[in-house]
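2 protein chains.
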Amino acid sequence: MTPRPGRNARAAFRFALAAAFVAAPLSFASAEEEPLVESYTLDNGLEVVVIPDRRAPVVTHMLWYKVGSADEEPGKSGIAHFFEHLMFKGTSTHGPGEFSARISDVGGRENAFTSYDYTAYFQQVAPTELRTMMEFEADRMRNLVLTDDVIGPERDVIIEERNSRVENSPQALHGEEVNATLYQNHPYRIPVIGWMHEIEQLNRADAIEFYDRFYAPNNAVLVVAGDVDVAEVRAMTEETYGRIERGPDLPPRIRPTEPEQNTKRIVELSDERVGVASYSKRWVVPSYTTAEEGGAEALDILAEVLGGGMRSRIYQELIVKQGIASSAGAYYQGTSLDDTVFMVYGSPRGDATLEAVEQAIDAEIAKIVEDGITEDELEKSKTRALRSMIFARDDQSGMARIYGATLTTGGTVEDIAEWPDRLKAVTAADVQAAAARYLDQRRAVTGYLLPQEDDRS
Amino acid sequence: MTPRPGRNARAAFRFALAAAFVAAPLSFASAEEEPLVESYTLDNGLEVVVIPDRRAPVVTHMLWYKVGSADEEPGKSGIAHFFEHLMFKGTSTHGPGEFSARISDVGGRENAFTSYDYTAYFQQVAPTELRTMMEFEADRMRNLVLTDDVIGPERDVIIEERNSRVENSPQALHGEEVNATLYQNHPYRIPVIGWMHEIEQLNRADAIEFYDRFYAPNNAVLVVAGDVDVAEVRAMTEETYGRIERGPDLPPRIRPTEPEQNTKRIVELSDERVGVASYSKRWVVPSYTTAEEGGAEALDILAEVLGGGMRSRIYQELIVKQGIASSAGAYYQGTSLDDTVFMVYGSPRGDATLEAVEQAIDAEIAKIVEDGITEDELEKSKTRALRSMIFARDDQSGMARIYGATLTTGGTVEDIAEWPDRLKAVTAADVQAAAARYLDQRRAVTGYLLPQEDDRS
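Protein chains in written order, with the numbering used here: chain A, 2 to 458; chain R, 2 to 458.
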């Protein structure tokens, strides 16, 4: 994370990491310990969240736009991520690289990332620099210079990024087609970085249309975390972002949703560059935004108990007891505007086969469907989840990310504050019901990534 | 095909039959025998094709719109087919059912169908009724009454249609998900009838927007085949359709295209209602519209030699010689605006397994990839394909369908005339190359439809 020009070129792939980090919206709020988080909305529609954190003279300034790859027009895949790159070019006020140079000069760091549902830009600097960050960030919200001699070379950068990160990676190519199979109708089917043949066609008109449509104060959330005074931040935001005109009202973010899925699907890739076989099995499930009350919390606990770490059933059975897997686990992507993914995954160890790993994980799922989980598992998994929020509290930018990701995927500041209580309310029966309802083998999408000689056919 | 109200309710499913019929654009043209087909365009943009056929006092009047389900907005699946239903409702000039009643009164027949790329309406009547057909058809191109009390009940009809034809049919449900897996980016992924949850949301505003956008003379092709005089037809079209104002110019029909596909995919459904197991294996391949010169013709010959009928390799080997299949074959959907499907399929007979059928068909593909086809097979398959155009000539509405489907999927009248010569130019090497290039097991999508007890897992 040392500042250097072009570091944002990796951003599209960081979203996975960022998403994992905020898989469950965490909060350092509790009944005893009222958070000092303050939120307000400027007249032009910009939502602002301020999270005081006075442990060190550092401030995290993150601007989140409520636009990600799932908001792209059909045929224009990759424009959201492409635009993230373009935001590092010059504006009518500041030359190319000037913003990054300033951050570097003051010993700060910066980054940006694009996901299915949001695009975010952040800087971490000394509090004295906060106002300057706001000025630069507000400037590039509306004043970017989008000429062909900016667009063309940056498109080449993105094509090269896709070449190196996806086209040359059987893991990435396989993952793309697993997702394209999992989602039959929803745009989460399409990779964040975009399909190569569509990236190649992105042009200046696409960029300008995207900018004018989505980059406006009324489509953004500002998160400021750090050693700051709330009143001062408020004044600063009004004097910088507050001067930008509201953009046109955007329609609700309603994307095509999934039909009922009835089939079991398999996506297989054999490639000589694959060393060890691996698989993942995925289902479309509700997210924190789309679930009925408590539904997402139950899925979070299910992922934790089933395969969330070293105490989980999958880890204990496959890695510790049977010793057949080198890696195995479960994962739930709870923070998502629309229905999302629950997955299990594994890779064999030594002479064990991939089939043995898959069967053992299926058996763990079946046990939970049939017999549920114990009260002890329930309580310990809750404790682990709640404790992870304590760790998150130690990471200023991590906290800022939780707020930004939640607020750009349909959640509220209150949702974050109430999450611990909602998590605590989950029962063992809720978890068993979630497993029975969603982890249906007849509707799963399974991806096999195999060494060349292991072709299953 | 006896005329009765509501017969168009089955239309979405007829497209498959219609498409099969026009899998290869056929023509009764040859160097010796110049066709008398005449085509012209009215000032308002309506393309007209007249095919004189004086064997019987009958005329086929077909109006084709260049809009199908693949032109729908994301989230609005089913609107093209829904609209086909609405076209049988009343206009500001004629009450509901008046058009159908007139056809019935004069002993005619009518139908309509919706496909991925087009929507068509046809009547077959005595030539004396042609002008009246034009008047009615031109009237409903622009004067439909689209009120909520028309829309609501018809949406219920379509929901019931989907219930009975898809939701209650494991074959149909499975076929939908096979296609949703085959196409990762292109709208051919979405069923023509639409996803149930999206059909349920279609409303008056959607219908009006669709009508105003796509139902205009400059987005339609009229095909008249039968015992008519070309000059008279021309005068009639000018006096009926010619009075309709041109609609707004439509952008080119550019849909999102497929990315490179790298994975082998399997889509499996086990259902207690399935009596005998079956499978299909599919690939995305070029269509007559997207292929390089001669490419689609080679795929047509490949489908014919591999599995096009009783003389094909698959039929002879699996059904006649080995006796392991009750049905098996190959099929190429050549008439398509965008890249399309090539498939093989089969079902076991007696004690044979589905695996044996699949392996035997794979072996036939491998033989062609490795050893090509014989000159004798090449010539005989060409003769069969060319002879099928002779049969088509015997069917007036069949001829009209060939012209309509070709002209609404990017082809021309000349393409139809030149097709026999282009087919004759295909070499055995072209066919072998097409098999090697496209029928790659590593990129195939295989669908298994199984009785409940046969679950492969």
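Calculated from the structure, these hints are not laboratory results.
Keep in mind the model is a prediction, meaning the values are calculated, not measured.
Just so you know, not all the hints are guaranteed correct.
[Claimed, not checked] Computed list of lysine to any residue pairs in SDA-like fashion (alpha-carbon distance at most 25 Å, straight line):
(1) R:K368 with A:E454
(2) R:K322 with R:R274
(3) A:K381 with A:P249
(4) A:K368 with R:R385
(5) A:K368 with A:D395
(6) A:K90 with A:D149
(7) A:K90 with A:S40
(8) A:K425 with R:R385
(9) A:K383 with A:G412
Here's how the hints hold up against the structure:
no., hint, in the structure
1, R:K368 with A:E454, "holds, 22 Å"
2, R:K322 with R:R274, "violated, 30 Å"
3, A:K381 with A:P249, "violated, 48 Å"
4, A:K368 with R:R385, "violated, 59 Å"
5, A:K368 with A:D395, "violated, 37 Å"
6, A:K90 with A:D149, "holds, 12 Å"
7, A:K90 with A:S40, "violated, 30 Å"
8, A:K425 with R:R385, "violated, 72 Å"
9, A:K383 with A:G412, "holds, 21 Å"
Checked against the numbered hints above, the structure violates hints 2, 3, 4, 5, 7, 8; every other hint is satisfied.
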